[in-house]
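1 is the number of the first residue of the sequence shown in full-length UniProt numbering; add one for each residue after it.
Just so you know, these hints were derived from the structure itself, not from any lab.
Don't take each hint at face value.
To be verified - Within a straight-line C-alpha distance of at most 35 Å, the following computed DSBU-like cross-link-like pairs (lysine-lysine) qualify:
(1) K53 / K6
(2) K115 / K47
(3) K9 / K93
Claimed, not checked - The calculated label-pair distances, taken between Cβ atoms and stated as ranges, are:
(4) N117 / S27: 19 to 25 Å
(5) F113 / T5: 14 to 20 Å
(6) Q17 / A90: 37 to 43 Å
Using N, Cα and C, we set each Cβ at its ideal position, and we do this for glycine too.
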Amino acid sequence: MTLRTKKEKDQHGAPRQVQRVALPHNSMFLLGLETNRAWMHSIHTDKRPLQTKSEPERAQDGERISLTFRHIATFLTAGEERIYGQGARAKTKAEAHPVVNGGEEAERLLAAFGKENHESAFDWEAEYGAGFDVLHLITAP
């Protein structure tokens with residue numbers, strides 16, 4: 001796994017800190033809110049030839065499975081027609097709004113994702129606070 005610091009607004013061109021973390025078989029990496037705010041994280045496919053890997057890295061023919069668990073408090077009504085909860089504009093089931101697929105609201109959500117992923121001083125309330133009613137980022141053909 002590779003961790004890299006996010007860009008600071010006032011440090012144009014400054015090198016980022018990089019940390020590499022070995023994740024052996026049956027390992028778990030827990031990323032807290034503060035670390036997620038300051039660091040980008042990624043697990044890249046290990047494309048080295050099998051014979052160059054250590055014995056533990058060769059287990060299961062070098063295959064791996066990565067699972068990500070997130071706590072999400074945004075919900076859909078039966079039939080997935082209405083949305084409500086923490087990440088939506090309506091906070092209760094009684095106030096649920098129609099689901100949005102694609103369009104300007106999806107574009108705003110994608111822009112917010114991009115800012116969050118790259119800015120350590122990301123303002124969550126300003127970008128996400130009002131909520132989004134987006135279920136799918138694009139409209140199905």
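Comparing the hints with the structure gives:
Between the alpha carbons of K53 and K6 the distance comes to roughly 30 Å, so the proposed pair stays at or under 35 Å and holds. Restraint check for K115 and K47: satisfied, since their Cα atoms lie roughly 30 Å apart, inside the 35 Å limit. In summary, the hint linking K9 to K93 is not supported, as the alpha carbons are separated by about 39 Å, beyond the 35 Å threshold. At about 24 Å, the CB distance of N117 to S27 agrees with the hint of 19 to 25 Å.
Between F113 and T5 the Cβ separation comes to about 18 Å, which falls inside the hinted range of 14 to 20 Å. At roughly 40 Å, the beta carbons of Q17 and A90 sit within the given window of 37 to 43 Å.
Hint check: a violation occurs at hint 3 only; the rest are consistent with the structure.
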